[in-house]
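Trainee: Once you have looked at the hints, place chain D on chain E.
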Amino acid sequence: MWRKERGTLIAINNVSMDFGGGFGDRDTFKALDNVSFQIPDGCIYGFLGSNGAGKSTLMRMICGVYKTKNGSIMIDGEEVYDNPTAKSKIFFVNDETIQYASFTMTELKKYYAGYYPDFSEELFDSLTAKLGLPTNKRLSQFSKGMKRQAIVIAGLACKTKYLMLDEAFDGLDPAMRNIIKTMIIEELMDRNAALIISSHNVAEISEICDRAMLIHKGKLIFADEIDELRSGFCKIQIAFQDKLITCDDIKAEGIEVMKYSAVGSVALVIAKGEPQTIMEKLKKKKPAILELVPLTLEEIFIYELEVRGYGTNILE
Amino acid sequence: MARISWSRIVKASKAECMTHKKMRFITLLLTVAGMLMGLAEFSMGIGDNGEFQSIYIDSYVGIFLLCTAAFFSCFTVFEVFRELTSRQHADVQISLPVSANERFLSKILSVLKISVLPIAAAEIVLSIFALMICVFWGGATLGNALSAFFPIVRIYLVIIAFTMFFVSVSVFCMTCCGTKGEGIYTSFILMFIISVLPYLMWYRISITFAGVESLPTEPTFLFYWGAGAFMIVLDSDTPILLFFINVIISCLVIAAAGVIYKKRDAQAAGKPIVFKGFFEIFMFLGIITVCDISFHSLIWWLGVLIAGIISMIIRIVVSRAKLSVKSFMIWIVQFAASAGLFFLIMFAGYQTEGFGIKYISPHFSGSEFTATISTTDVEVYTRSTNFYYNYELDNDGLNKLLDVMDGYKDISVKSNVTFWDTVTDSSGRSSYLNSGIDYFDNLAERGLTSIYLTVRDQSTDESYEIQFYVPKDSTEDLKDKILEIDGFSCDQNDDIFENSYSW
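Going line by line, the protein sequences match chains E and D. Last residue of the first sequence: 316 (my numbering), numbering continuous. Last residue of the second sequence: 503 (my numbering), numbering continuous.
Since the hints were made in silico from the structure, they are not lab data.
Simulated crosslink set (EDC-like; lysine to aspartate or glutamate; CA at most 20 angstroms straight-line):
1. K147/E - D95/E
2. K21/D - E107/E
3. K159/E - E78/E
4. K11/D - E121/E
5. K110/E - E121/E
6. K263/D - D18/E
7. K180/D - E96/E
8. K161/E - D118/E
9. K11/D - D118/E
10. K113/D - E107/E
11. K30/E - D265/D
12. K69/E - D33/E
13. K14/D - D118/E
14. K272/E - E228/E
15. K400/D - D480/D
16. K263/D - E79/E
17. K11/D - E107/E
18. K11/D - D82/E
19. K14/D - E107/E
20. K286/E - D242/E
21. K251/E - E280/E
22. K276/D - D18/E
23. K284/E - E274/E
24. K113/D - E79/D
Simulated restraints on C-beta separations:
25. Y185/D - G232/E: 55 to 61 angstroms
26. K281/E - K263/D: 56 to 62 angstroms
27. A101/E - I345/D: 46 to 52 angstroms
For each residue, glycine too, the CB sits at the ideal point set by N, CA and C.
This is chain E alone, in the form it adopts within the complex:
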C-alpha cells in the first residue's frame, strides 16, 4: 500500500440517481441514494458493493457519462458533466470491451491521442511491447484478457490524473492480474495519479487499495481508509475448558456481536468496537484460549451486507 500527499480530489456530494420512469416505462428504481464521500488525490480507492448496488452507475457519474440530477460531482472543484476540462483529468475503463472490437492497437493509440492532450505514444508503445500485444491485429481477435490489457494500456497512456477501472481485472489469469496491477500502480505512483477500482474480488481491493467504500442498494455503507475500517471490527477466537461460550454470554458483557460461530468448544466471534476493549471484557471470563484473529475486508464486506439482509433469504 502506498500513500502520497493529498491535495485536490473528486468530491461526491449528496448524489442520487433514479433509473426508469421514461416513456413506456413506469417502473423506477433508485440506483443511488444521497451518496457523499471524497476521493483524495493520489490514492487507490476501491468500490465495493453487491451486484446492482450502484457502483458502475456511480463510476459513470464520476466520469460524466450520466448527469447528476440531485447533488453534484466535482473533479478538482469543477462540475464534471459536459465539462471537457474536468473530463480530461479522468479516464474510464468500463466493464465491456466490445466497443473497441474494430481497432488495432495502432488505431487505439491514434483514437485516444486525438482526445487526450497529454497522451504519451512512447508509454503506449513501451507498455504494448512489454505485454507483447500485437499491433496489427484487430482487438476482436484478442482474447478477453488481451483486450483488457489493451484498454488499460490506453488508459495509462492518456496520463490522466484519475484512472477509473470498472471490473478491470475480469478475464485476466492470476499471473497477468499481478503484472497489470503492478504496472498500473508503478505508472500511477510516478505521477501521483489516483486509481479508482471496482471489483467483486474484495481480497484484491484489500490488497491494493488504501481506501474503500461499500455501497448497497444505492446507499453508502462506509467510505474510509481500509485500516480505519478494520479497526472498527475485531475477530476473536475464544474457548473454555469445560463449556462452549454462547453468543448471549458474549452479548451479556456488553459486546456488539456481528457474527458468531462455533466448532467444538471453540467459538469464533466477530464483534464491533475497539479490539482492546473487547479483549479486556472477555479476559474477565478467564477463557482457556483468547486471541485476536486478523480480520479481512472480505469479512467486513460480507458481515455488513448480511446485517442488511443481503443473501440471507437465499440461503434460508
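Mentor: Leaving out everything else, chain D in the frame of chain E:
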C-alpha cells in the same frame, strides 16, 4: 476558447472517421463507380456545322449509384451515432474530454466527410472533366458549355440535397430514439411521410376542396424536401433556389437534432423512445399519411384499418415486453384521436372550401383573357380528357366565345354533395394507390364539368390555357351557346361537352 473547441471537434471527427472506415469505403466504392459510369457514358452533341451543341452525361447507372451512395448516408449516421443506442459506446464516447456540443458537431463533420464529401467530390470531378472535354475538344466556349451542362448540375445538386435530407432525418430520429432498431425504422418511415404528406395534404386542400388547379404561390419548398426533390430534375422550370432551401431545411433539422442531443445523457441509451413528444408526433403523422393515401385511392375504412394495425404494431414493438390491457386501450384511444383529428381537418377543409384557398385562386376571368388576345387569327383548341380539337376563329368569334365563357366565371364549385358523401362514395374510385390527386373525381361528385381551352395567337405563337367549370345541367346550355359562334363546326364538337369525368 472557440479555437480550442474547434480543434477538439476536428480531432474528435478525425478519430470518429477512423472508426468507420468500412462505411467510408462503401461510400467511396459507390461514388467512384458512379463517377466512372458517368464518365463512360459521357458524350457531346455536335451539329452539322461542327459546332458544339449539347452535352450528355446522364448515365442512369451512374446516377443510380450516386443516389445509392446518398441513401447509404443513413447507415453511416446509424453507425456514427451509435453511442445514442449502445451503453458500451456511450461509456467510452461520453467519458471522453469533449462537450456534448463538440461531440455532436464532430459527428456531423464525420458524416459529412464520410458521406457528403465523396459524392460532392465525384460530381465536381465529373463536371470539370465534362467541361474540359467540351471546351478543349468540342470547341465550345465556357459559357456554352456551362449552359449545356446546367441540367446535369441540377441532377447533381438534387443528389446532394437527397444526401442532406437522409442525413438530417436519420440524425433527428437517432437523437430521439435510444435503440438502433427504433432509430432505423422511424427514420425510414419519417422520410416517406415527409416526402408525401405535404404534397397530399396541400393538394387535397387546394385542389379537391378548393376546386382549383394551382395558386400563384405554393409552398413548394415543402414538396421538394425529401423524395420530392426529384421534381427539381424532372421539371426544368423549377427554380434552382429550391435546392438551397432544401439544404437549409436539412441543416435546420440537424440543428434541432443538436439541441435534442445536448439534452440527453447516456441513461437514454437502450430505451426505445427517448422523447415521448417525438413519438406521438411521429405516430400522428404516420396515421394521417396512411389515412390520406387511402382517402385518395382506396376504400377509406380499409386505409383507417391498415393505419390502426400498423400503429398498434409499432406501439407493441416500442413497449417491448410491457403490455397491459390498460395500455392497449390507451393506444386505441390515441389512434382514434389521431384519425378523428385527420377527418376533422378534412371536414374543416371541405366546409371552408380549402380553408379559403378557393377565393385567392386564379379562376378564369374573361377580362384577363381578352387582354392577352388581340389579333384576328386565333386558334382555339378545346380539350375533353384526351381529345383535342382545333378551331380557327376570327376576332369577332373569339370575343363571342369570351362573352359566353364570361357568363360562367363566377360559378361556385360547391354543390349539394355532402362531406359524408365524399367519404362514403368510394365505389367508383380508382383502386390503385398511386393515382395521385384525381380531382376530376371530386368535380364529378360535385356535379361539375371541367372545360379546357387552349388559345394560340398565330401572330406571336404564344399559347394561353384556360380552365373553367360548368355545372352538368348547364353543359347543354353552354354547348348551344358555343355552337352558335361561327367557326365551331357541329361534326367536330360533339364530344367537347361530354362529361368524361362522371364515373
